[in-house]
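Asks: Each chain is listed here by its residues.
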Amino acid sequence: MLGKNRAIYPGEKVLLALSGGPASSSMLRQVQEGLSRETAKKLRFIPGIIYVDEGAVCGQSLAERGETLLQMETILQASGFPYHLAHLEEVFDLPSSILQRAPHNPAGPKNSYKEAVEGFIHQQRREEDGSPSLPERQIQEKLTEVSLRDVPRMEGLATPEARLLAAVRTEQLIQLFGSVKTLTAKEELLQTLRNHLILHTARTQEYSKVMMGDSCTRLAVKLLTNLSLGRGASLAMDTGFSDDRHGDVVVVRPMREYSAKEIAFYNHLFGVPTVFTPALDTKALEKASIHRVIERFLYGLQAEFPSTVSTVYRTGEKLSTTPGDAGPAAEPERCLLCLCALDTNVEDGSALQAILVSEQLSQQKLPAASPAGRGCCPGAEEKRGCCMNTTGPGADARANILSLLCYGCRLTIKDTICLESLPLYVRSEAERRKHRAAMKLEIQEFLLEDEAVTPGES
Amino acid sequence: PKRGGAELLFDGVKKHQVTLPCQPEPWDIRNLLKWIKQNLLKERPELFIQGDTVRPGILVLINDADWELMGELDYKLQDQDNVVFISTLHGG
Numbered sequence: 001m002l003g004k005n006r007a008i009y010p011g012e013k014v015l016l017a018l019s020g021g022p023a024s025s026s027m028l029r030q031v032q033e034g035l036s037r038e039t040a041k042k043l044r045f046i047p048g049i050i051y052v053d054e055g056a057v058c059g060q061s062l063a064e065r066g067e068t069l070l071q072m073e074t075i076l077q078a079s080g081f082p083y084h085l086a087h088l089e090e091v092f093d094l095p096s097s098i099l100q101r102a103p104h105n106p107a108g109p110k111n112s113y114k115e116a117v118e119g120f121i122h123q124q125r126r127e128e129d130g131s132p133s134l135p136e137r138q139i140q141e142k143l144t145e146v147s148l149r150d151v152p153r154m155e156g157l158a159t160p161e162a163r164l165l166a167a168v169r170t171e172q173l174i175q176l177f178g179s180v181k182t183l184t185a186k187e188e189l190l191q192t193l194r195n196h197l198i199l200h201t202a203r204t205q206e207y208s209k210v211m212m213g214d215s216c217t218r219l220a221v222k223l224l225t226n227l228s229l230g231r232g233a234s235l236a237m238d239t240g241f242s243d244d245r246h247g248d249v250v251v252v253r254p255m256r257e258y259s260a261k262e263i264a265f266y267n268h269l270f271g272v273p274t275v276f277t278p279a280l281d282t283k284a285l286e287k288a289s290i291h292r293v294i295e296r297f298l299y300g301l302q303a304e305f306p307s308t309v310s311t312v313y314r315t316g317e318k319l320s321t322t323p324g325d326a327g328p329a330a331e332p333e334r335c336l337l338c339l340c341a342l343d344t345n346v347e348d349g350s351a352l353q354a355i356l357v358s359e360q361l362s363q364q365k366l367p368a369a370s371p372a373g374r375g376c377c378p379g380a381e382e383k384r385g386c387c388m389n390t391t392g393p394g395a396d397a398r399a400n401i402l403s404l405l406c407y408g409c410r411l412t413i414k415d416t417i418c419l420e421s422l423p424l425y426v427r428s429e430a431e432r433r434k435h436r437a438a439m440k441l442e443i444q445e446f447l448l449e450d451e452a453v454t455p456g457e458s
Numbered sequence: 001p002k003r004g005g006a007e008l009l010f011d012g013v014k015k016h017q018v019t020l021p022c023q024p025e026p027w028d029i030r031n032l033l034k035w036i037k038q039n040l041l042k043e044r045p046e047l048f049i050q051g052d053t054v055r056p057g058i059l060v061l062i063n064d065a066d067w068e069l070m071g072e073l074d075y076k077l078q079d080q081d082n083v084v085f086i087s088t089l090h091g092g
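Chains E and H supply the protein sequences, listed in that same order.
Every letter in the first sequence is one number past the one before it in UniProt numbering, and letter 420, counting from 1, is 420.
Every letter in the second sequence is one number past the one before it in UniProt numbering, and letter 30, counting from 1, is 30.
Just so you know, the hints here were simulated from the structure itself, not pulled from any lab data.
Take these hints with a grain of salt, some might be off.
Just so you have them, the derived chain E footprint on chain H, three or more residues with Cβ under 8 Å [unchecked claim]:
| id | region |
| --- | --- |
| 1 | 13-22 |
| 2 | 74-88 |
Which residues of chain E face chain H? A partial, calculated answer using Cβ under 10 Å [claimed, not checked]:
| id | residue |
| --- | --- |
| 3 | Lys261 |
| 4 | Glu295 |
| 5 | Gln302 |
Between beta-carbon pairs, the in silico distance windows are [said to hold, decoys possible]:
| id | chain 1 | residue 1 | chain 2 | residue 2 | range |
| --- | --- | --- | --- | --- | --- |
| 6 | H | Lys42 | E | Gly66 | 23 to 29 Å |
| 7 | H | Asn31 | E | Ser362 | 52 to 58 Å |
| 8 | E | Glu118 | H | Glu46 | 46 to 52 Å |
| 9 | H | Pro45 | E | Thr182 | 45 to 51 Å |
Glycine included, every Cβ here is placed at the ideal spot set by N, Cα and C.
If we strip away everything but chain H, and leave its shape as in the complex, we get:
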């Protein structure tokens, strides 16, 4: 099994299947990050999130594509979207 390191901040759980609650504002990555910070991050939030966005060194893939190609924080989430966070801070 692949373990990247980022799951250390999430109680060691690698994969999270989440159903986001209905809300009037659309769900974009920006709001998703806020939601993750409130509900999933168990410790040391500054190691994952910096201000509005992810900490430098954390890659975000949306359906296997670099989020920079999808609009980064402004990408609107679709049903069944797969978002992967990869930490590049732990070397090899």
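The shape of chain E in the complex, shown without the other chains:
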């Protein structure tokens, strides 16, 4: 799969996203196998692993999370690769640069893929006399780093301040998810935040690729779910083999051709260890979220018609991203949260315009004097200053953020009651973009227009 796509060059640093579940655990085992093989098809990149602890959001106690982490660490250490443990709480400390697409640093552009592989093999043969091969040596170096790395914050916290900060962050996280009304929106938000955190680790630790363990079954569910969520415009990127929306770090999905059943059999027969953690929708009701409904639909259909999942998958494979059709001058605007190209140009007669019009018509204006009850934002004397209001200063903040989002992310934010509980990096990036847009408007008439302006634009 990797060879066919020629996406990963030899010697590249690749971050494996491990959730503890069957698909990503299987991916880890196969990477281990691939790296140790002596054949010509041996994998040649330098792996690292990241595990994100989401226990706070899923209602787990500190003790339960600690136990899960211990189990995960056993697996991580047994792999022999350098690993990073991250807690979802760390999203509150992310920089706003996460939401900006970075320029692509091509890994081995000078050589073609074939030359890069040959060069790598030659280099390896030269080092073969006695000394360990290049990846092994680098891994050993990383292991010494890892043993000096900070212990995850939940255990062995040195100072009371650190413990207090961790508790505050956990509280903030619980509050954020508490202010999201629907399970669907919670799941979407969780995925978004998790992806930002993984991206951040990849950038700071200089990984140029991230491997996700999405199985064929998972991606088929994701495809239909995203269609239902209004994310049709980004389907190719969300379910394709490689996803380069962030620019410098590319996300690849090598497990996308294996069905969940195949992975389960593989894990059972080869004794691949997995760690089960309850997710947001564990034991939820059937129709609790769109994800659940689609999952049930697909699995149910699959039981009677075993080609269902692969048919959905193959249809998805036919989707491809259109390359940007304009030069650097006309960089498409990107969604604040998911970094897909914005699909919300409201043209006459578009479906989006129809939705917005009917929304406005059916909305009742809020009365100026709201009933008693505190707003969710501290410091707002009356409810007027709170972000919950659809009129007044709070409404501006909400409208501002909504205008920066693609349709799918708008639905998630619409279900979020308190925008103030969003992490700082999201809010500050929204502010920054608003100021830039305002500034651009002011100096618009002084800007020299490019000759290559598409006809029809003013």
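Given chain E, work out where chain H should sit, using these hints.
Replies: Structure of chain H alone, referenced to chain E:
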């Protein structure tokens, strides 16, 4: 230790060594499922069993072989048979 998720419905117990009571009807998977529903399932039966059979998404292995090869619900249990239920609903 491997934990797949399905054990959540069985009080967290992963492995069950069971001795099925003697009865005139032969023990096949269909009856085994009924027995499990009555005696082992602690909560939310609809997450494990749907009608006569297991919920879509739950794999059944009989002695490490896919139950589809063994006759599914009609397979007659032998002494010392090993039946494994794997939930594929929790992704990876």
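Asks: Taking each numbered hint in turn, which are not upheld by the structure, reported in ascending numerical order?
Replies: Checked against the structure, the hints that fail are numbers 1, 8 and 9, while the rest are satisfied.
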